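Chemist: Below are the chains, spelled out letter by letter.
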Amino acid sequence: MIDPLQASVRIATSGLDAQSTRLRIVAENLANANATAKAAGAEPYRRKTVTFDAAVDSTIGARLVNVKEFGVDSSPYRVEYDPGHPAANENGYVKLPNVNMLVEMADMRETNRSYEANLQVVKQVRSMAAMLIDLLRGT
Amino acid sequence: MLESLALSTLNTIGDSLRTRQVQTSALTPASAATQPASATATAFDSVMGQLAKEAVTTLKAGEAASIAGLQGRASAQQVVEAMMSAERSLQLAISVRDKVVQAYQELTRMAI
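Residue numbers (our numbering), protein chains in the order written: chain R, 41 to 179; chain S, 34 to 145.
Isolated chain S (complex conformation) (with noise of 0.2 Å):
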């Protein structure tokens, strides 16, 4: 899921890359180039808020298992892979938002 996720977020870098190059080629007056670069700037929130959502939720649900084992209320074992899979999605969020900004950074580098 979360892979399918980091995906549309390169696809949706891809989309606003290719907003921005229309938007430098064509020369369009700045009135009109505020529409576009608005919905872009909603994306890329909508993009970093989704994959903050998601990371929170398998955390959550780390924590929620761990609080269960420490209860007595789950084995150890269940602990051990909810823990696992919190930490493995929190990574992937973390590498995609690191690639996330960097590709945010590339545009607002680019010489225009």
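The shape of chain R in the complex, shown without the other chains (with noise of 0.2 Å):
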């Protein structure tokens, strides 16, 4: 049976894990929203998605959250007219990945707020183990 506090240290750390996961998914989005294929009519990036799920571990008999799959968004590409593109079709059309940079931004303060939720936990079994060992302390 291990310590609580501890097991919450190890929750909170698999949260914190998912989450960067989850920016690394937004930063990789972010970075290939302008990535279009090389050749005419091929395609481009597509937006990646992060799944997560609730797996038991049993040394601390809870539930971490970890990363489930990376899935890929299968939305329709933005397509921009752009004759003079490599990538340009035969009617000048060129096809540009379905990243929306507003979603990605919204996704990226979710993963921070997230983040800051579960180092807040941390924070909070810290300050309650200080408190504890506290007692011993005080003559």
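Calculated directly from the structure, the hints in this document are not laboratory data. Only a predicted model underlies this, so the values are computations on that prediction, with no experimental measurement involved. In this text, a Cβ means the ideal position worked out from N, Cα and C, and glycines have one as well. Hints are supplied without guarantee of correctness; some may be wrong.
Claimed, not checked - Quick list of the computed label-pair ranges, beta carbon to beta carbon:
#, chain 1, residue 1, chain 2, residue 2, range
1, R, Ser98, S, Ser79, 25 to 33 Å
2, R, Gly178, S, Leu123, 14 to 22 Å
3, S, Val89, R, Thr91, 36 to 44 Å
4, S, Gly82, R, Glu156, 39 to 47 Å
Starting from two chains that each stand alone, build the complex the way the hints lay out.
Modeler: Structure, rendered in structure tokens:
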């Protein structure tokens, strides 16, 4: 039986890890927001998504969050008229990645908030553990 | 786990106090008194040794995690978690040690 405070830290850390991975995906989407194909009519970058899953950790007997899988967003690509582009099709249209900057920014903010919340749990655990140990210090 | 260790430490101190009380109230001869006194000394030694071992184990885990982090094998979050756990164990070990030493000093100052 593990100390519940220690288990809380472990769980919060899994949350921190998960949100870090999520931020990585957001960064990838943002960086590739204008990554078009090289050849005419080929597919550009497709927006990636990340899904989380609750997995039971038998050593602490609690559910940790971990990354279930990386998926792809199947929404249609943005299309822009640019006949001079190497990836333009016969009608002069270029397919751009289906990355929406606003959506990515909102996702990033949410990631940040969730990370903060998990970090707050860690801080709380530290303060509670310190309070407990301080009981021994007092004369 | 360490909390239970601390509790057992305090219990041991209580036991040793009780042994001393029995010794002083019974006014046993010096030859007979050496036996329980040495038993308490061993208990004290083992408690302190166990405490140190516990603290060293968690500290080692923390160090291993930070080295893994430097080598890129562990995430920063995992390193922080391990270091926090090590810090907590060390703090607890130090507090318990202080308490035990204090109790021991209390015993040595006792007027017989």
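Chemist: Work down the list of hints and note, for each, if the structure agrees.
Modeler: Hint check:
no.: 1; hint: R:Ser98 - S:Ser79: 25 to 33 Å; in the structure: holds, 32 Å
no.: 2; hint: R:Gly178 - S:Leu123: 14 to 22 Å; in the structure: holds, 19 Å
no.: 3; hint: S:Val89 - R:Thr91: 36 to 44 Å; in the structure: holds, 41 Å
no.: 4; hint: S:Gly82 - R:Glu156: 39 to 47 Å; in the structure: holds, 42 Å
No hint from the list above goes unmet by this structure.
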